[in-house]
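Given only the sequences and the hints, what does the whole structure look like? Please build it.
Line by line, the protein sequences give chains A and B. For the first sequence, the residue numbers in the numbering used here are 1 to 318. For the second sequence, the residue numbers in the numbering used here are 1 to 318.
Source of the hints: derived by calculation from the structure; they are not laboratory data. A quick note: this is a predicted structure, and the numbers were derived from the prediction, not measured. One or more of the hints may lead you astray.
If several chains are the same, the list does not tell them apart, and a pair holds so long as it fits within one copy or across any two.
Listed next, the in silico DSS-like pairs over lysine-lysine satisfying Cα-Cα at most 30 angstroms (straight line) [to be verified]:
| # | residue 1 | residue 2 |
| --- | --- | --- |
| 1 | Lys126 | Lys208 |
| 2 | Lys208 | Lys77 |
| 3 | Lys127 | Lys164 |
| 4 | Lys302 | Lys156 |
| 5 | Lys241 | Lys126 |
2 protein chains.
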Amino acid sequence: MRIVSSILPTEELQQQVREQFPEDTFEFYKGLKGEDAYHAFLEADVFITYGEDLEEQDIERARNLKWISVMSAGLEKMPFEGIKKKDILVTNARGIHKTPMAEYTLGYMLHHAKRMDAFNQEQGNKKWNRRIPTQELSDATLLVLGAGAIGGEIAKRSQLFGMKTIGVNTSGRPAEYFDQTFSMDNWEEALPLADYIVSVLPSLETTKHLIQEKHFKQMKDSVVFINIGRGDLVQTDILIKALQNKDIAHAYVDVVEEEPLDESHPLWSVENVTITPHISGKSPLYLPRAFDIFSHNLHIYKGVPGEMRNVISLDRGY
Amino acid sequence: MRIVSSILPTEELQQQVREQFPEDTFEFYKGLKGEDAYHAFLEADVFITYGEDLEEQDIERARNLKWISVMSAGLEKMPFEGIKKKDILVTNARGIHKTPMAEYTLGYMLHHAKRMDAFNQEQGNKKWNRRIPTQELSDATLLVLGAGAIGGEIAKRSQLFGMKTIGVNTSGRPAEYFDQTFSMDNWEEALPLADYIVSVLPSLETTKHLIQEKHFKQMKDSVVFINIGRGDLVQTDILIKALQNKDIAHAYVDVVEEEPLDESHPLWSVENVTITPHISGKSPLYLPRAFDIFSHNLHIYKGVPGEMRNVISLDRGY
Numbered sequence: 001m002r003i004v005s006s007i008l009p010t011e012e013l014q015q016q017v018r019e020q021f022p023e024d025t026f027e028f029y030k031g032l033k034g035e036d037a038y039h040a041f042l043e044a045d046v047f048i049t050y051g052e053d054l055e056e057q058d059i060e061r062a063r064n065l066k067w068i069s070v071m072s073a074g075l076e077k078m079p080f081e082g083i084k085k086k087d088i089l090v091t092n093a094r095g096i097h098k099t100p101m102a103e104y105t106l107g108y109m110l111h112h113a114k115r116m117d118a119f120n121q122e123q124g125n126k127k128w129n130r131r132i133p134t135q136e137l138s139d140a141t142l143l144v145l146g147a148g149a150i151g152g153e154i155a156k157r158s159q160l161f162g163m164k165t166i167g168v169n170t171s172g173r174p175a176e177y178f179d180q181t182f183s184m185d186n187w188e189e190a191l192p193l194a195d196y197i198v199s200v201l202p203s204l205e206t207t208k209h210l211i212q213e214k215h216f217k218q219m220k221d222s223v224v225f226i227n228i229g230r231g232d233l234v235q236t237d238i239l240i241k242a243l244q245n246k247d248i249a250h251a252y253v254d255v256v257e258e259e260p261l262d263e264s265h266p267l268w269s270v271e272n273v274t275i276t277p278h279i280s281g282k283s284p285l286y287l288p289r290a291f292d293i294f295s296h297n298l299h300i301y302k303g304v305p306g307e308m309r310n311v312i313s314l315d316r317g318y
Numbered sequence: 001m002r003i004v005s006s007i008l009p010t011e012e013l014q015q016q017v018r019e020q021f022p023e024d025t026f027e028f029y030k031g032l033k034g035e036d037a038y039h040a041f042l043e044a045d046v047f048i049t050y051g052e053d054l055e056e057q058d059i060e061r062a063r064n065l066k067w068i069s070v071m072s073a074g075l076e077k078m079p080f081e082g083i084k085k086k087d088i089l090v091t092n093a094r095g096i097h098k099t100p101m102a103e104y105t106l107g108y109m110l111h112h113a114k115r116m117d118a119f120n121q122e123q124g125n126k127k128w129n130r131r132i133p134t135q136e137l138s139d140a141t142l143l144v145l146g147a148g149a150i151g152g153e154i155a156k157r158s159q160l161f162g163m164k165t166i167g168v169n170t171s172g173r174p175a176e177y178f179d180q181t182f183s184m185d186n187w188e189e190a191l192p193l194a195d196y197i198v199s200v201l202p203s204l205e206t207t208k209h210l211i212q213e214k215h216f217k218q219m220k221d222s223v224v225f226i227n228i229g230r231g232d233l234v235q236t237d238i239l240i241k242a243l244q245n246k247d248i249a250h251a252y253v254d255v256v257e258e259e260p261l262d263e264s265h266p267l268w269s270v271e272n273v274t275i276t277p278h279i280s281g282k283s284p285l286y287l288p289r290a291f292d293i294f295s296h297n298l299h300i301y302k303g304v305p306g307e308m309r310n311v312i313s314l315d316r317g318y
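In structure tokens:
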């Protein structure tokens, strides 16, 4: 089979994939814009992509394409009309963000509990100050908005740190690694219980601007709010107000409504916020993990018994 | 029994202890210097202390003292001569540091891997900079110098984060939560293997100045060195040299040879070091945990079947 990729991994990773499938040909390109890359794509049986370089007309022109392996979780830019017409198999890399995102969350919870900013400031002042009171995660309560695969990974590690875990999912059904769950109908009741609140919610009609001013007031004053889902969960001016009013103690935001956040935006200057530029899911292990899923799927595609992972329903689009 | 404490816990904690032992009298003082406190001590059956307020003459004068419950791990300042002569039982609070110290270690490993300082600096510059490369703990190798209770707690959590764990203990015997162990005879062979090295070693003849210039050179250039044991593990000028030469990438030091570190000390100004003022073992849960051990022991002292925890051998002194 001819396998064409518009993603150029390291030589080492290319080698690993080739060695697993010696009877197939692999061509790796950096993007699809070059003539060689595009011609290869037109003849490919399998195409590997981040899912942002295809138009309807490309799907029409592709002569042999039977499977598109998207190496990300987002499929918003995929030309599904043509894909459906040609009944092309689509898979994605759902699930590979959970490790870096769980590390990010535990890291910043510990950053807060251990007062790392305060000690850093004292180091700048050359002061050996033992009076800064630190906290523990142990015995604290974590609320995860979005108790799915990523939320579960965060909860799993938090439980090992001795935290109580509460999850919110659509139905409120029990979920692994959560001591308690709430549904989207009564999620507000969970807000006063938490010492740390992390949202991994995607952007949906039901989650857009879900968190309002009143919700911040329902939280403990000492609460830490972490958003690694989508920025439109809360309007930035409402977040700023909650931080300035000290309705909450601190926010760690990896996502904001206006990405990239402009230099002139007032959020940068709020005292009790930590901003990171939508990097919680980034990892040097991203592509190795994505190619692990691909290799697993290619084995099965070629006849090894088993089930392919992350097959996308062309009707639902996820 | 008359139980006298030179530690003054919160009213809530006092209440909890009293309720468990309604037939005994508890007197809590802030220190032993006050006349009331000292007179109470002289008649006490059981004395609760941080272990730094007793002299030989106090032991002589104490009329009824049968048990000293030291609420810390350090016993260096205890007047063991008189204690031995009177055969007074001594217990300590060994083991209650492992949770905060494990949180500290995981927190600062994540601080490094997630480049929190770099993102903090970019926030100061109001720059949304997605090009700062972050790392994962997952797949990295942790070397723990001192694979005991605290080291094991660190290794346990690190394994859950997908790290490989190597431990050094006296004999090199296998230890729970460690994938591999080295003895004090061949510990240097472990140095090149590690991405993170944490020392929890106490100050002993065999550990003083254990880490020399050559050892930093044996480590990976990218290694992160964390010292939460004792500061005399490495001479500070040797550490500074290793940091300035980039023999190692970064050091997180909670302990130094000269505590408190003077304002004029050059270590404060080294670029790739993070200094905290010997606080890794501190926790708001410290006293509750120490009194948990005390209550367990008091039940058994009063006749409930079971074994007392952390009984000190008066001959060995630990």
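Cross-check of the supplied hints:
1. Lys126 x Lys208: between (45 angstroms within a copy, 26 angstroms between copies)
2. Lys208 x Lys77: Within one copy only: 20 angstroms inside a chain, 61 angstroms across chains, cut-off 30 angstroms.
3. Lys127 x Lys164: neither (35 angstroms within a copy, 35 angstroms between copies)
4. Lys302 x Lys156: neither (35 angstroms within a copy, 40 angstroms between copies)
5. Lys241 x Lys126: between (34 angstroms within a copy, 19 angstroms between copies)
In terms of the numbered hints stated before, the structure departs from hints 3, 4, listed from lowest to highest.
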